[in-house]
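Going down the list, the sequences are from chains H and W.
The numbers in this note's numbering rise by one with no breaks, and the one at position 18 of the first sequence is 18.
The numbers in this note's numbering rise by one with no breaks, and the one at position 111 of the second sequence is 1111.
Derived from the structure by calculation, the hints contain no laboratory data.
Worth double-checking, as some hints may not be accurate.
Claimed, not checked - A few chain W residues facing chain H, derived, Cβ under 8 Å:
1. T1014
2. F1015
3. R1039
4. I1052
5. W1053
6. T1072
7. Y1131
Bear in mind that the values here come from a model prediction, so they are computed numbers and not experimental data.
For every residue, glycine included, the Cβ atom is placed at its ideal position computed from N, Cα and C.
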Amino acid sequence: MAEHLSCQEVVELVTGYLDHTLDAETHSLFEEHLNFCDGCEAYLDQMRATIAVVGRLGEADVPPVAREQLLAAFRDWRGT
Amino acid sequence: VTVYKFLRPGGMSTFTGFPWPLPGDGPGAWVEAPVEPCRSGIHACRPADLPIWVAPELFEIELDGEIVHERTKVVASRARLLRRVDAWDHRLRDAYARMCADRAHALARELPAWDATIDPLTRYGAALLGYMAARIAEQRGGPAAYAAERAHQAAWLAERLN
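Next up, chain H with everything else stripped away, as it sits in the complex (with noise of 0.2 Å):
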């Protein structure tokens, strides 16, 4: 088959095509897929959002009960 990527794939590569850790040419094949795809641009454009408003939060902007709930969470997690 000539290579393509399908939607599924391009949902796994998202981190590492915006991380810039993709090879050239699955880099390539990503890009391919994107420019006939408007479903997968709004994918992308999504975690690209995403990345933008989670990347501006601080531990001082968590209050703080929901910063308790978040540590027993992952006490438990580890504890399990």
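Once you have looked at the hints, place chain W on chain H.
Same frame as chain H, but now just chain W:
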């Protein structure tokens, strides 16, 4: 060989959003970016690459400096837009989409259980219809048929852009 650059409306780069200096009375300003696979460099299309990268605006581009030929594109360290290709307007984009849809139907007719309708006037863009036609060709005849269909699309475009 003429080399091309597809851009989004307003001269924006398709993937990076870079605002290209557009040509006016003469070529646009030179843009520089060191060639580094996956990370940097100015990407352009040879005529055979056009169907892969179809986008709303098309320009002729002059490349300079380090130039690397890849499977579906050329990457250079220096480039400037020479002129907008006025022939690539909405009428030609629609005609290209129609051609690709017609080819997809013709190629699919011999496949078992083919009952889908590909309408070039729906939300599907010209880039997707070109891909669909090539993939249907591949379904029938393997990778060589995919390449042949892409070559047919490229020849169709080149004939109308020059």
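Do the hints match the structure? See the list:
For the restraint placing T1014 (chain W) at the interface with chain H, the shortest Cβ-Cβ distance is roughly 7 Å, inside the 8 Å limit, so the hint holds. A hinted interface residue such as F1015 (chain W) counts as satisfied when its beta carbon comes closer than 8 Å to some beta carbon of chain H; here the least separation is about 6 Å, so the hint holds. With a cut of 8 Å, the hint placing R1039 (chain W) at the interface with chain H holds, because the nearest CB-to-CB distance is about 5 Å. At a threshold of 8 Å, the smallest CB-CB gap from I1052 (chain W) to chain H is about 6 Å, leaving the interface hint in force.
Interface hint status for W1053 (chain W): upheld, as the beta-carbon distance to the closest one in chain H is roughly 6 Å, under 8 Å. Nearest Cβ of chain H to the Cβ of T1072 (chain W): about 6 Å, under the 8 Å cut. The hint holds. Because the beta carbon of Y1131 (chain W) sits about 5 Å from the nearest beta carbon in chain H, less than 8 Å, this interface hint is met.
Going through the hint list in order, the structure satisfies each hint without exception.
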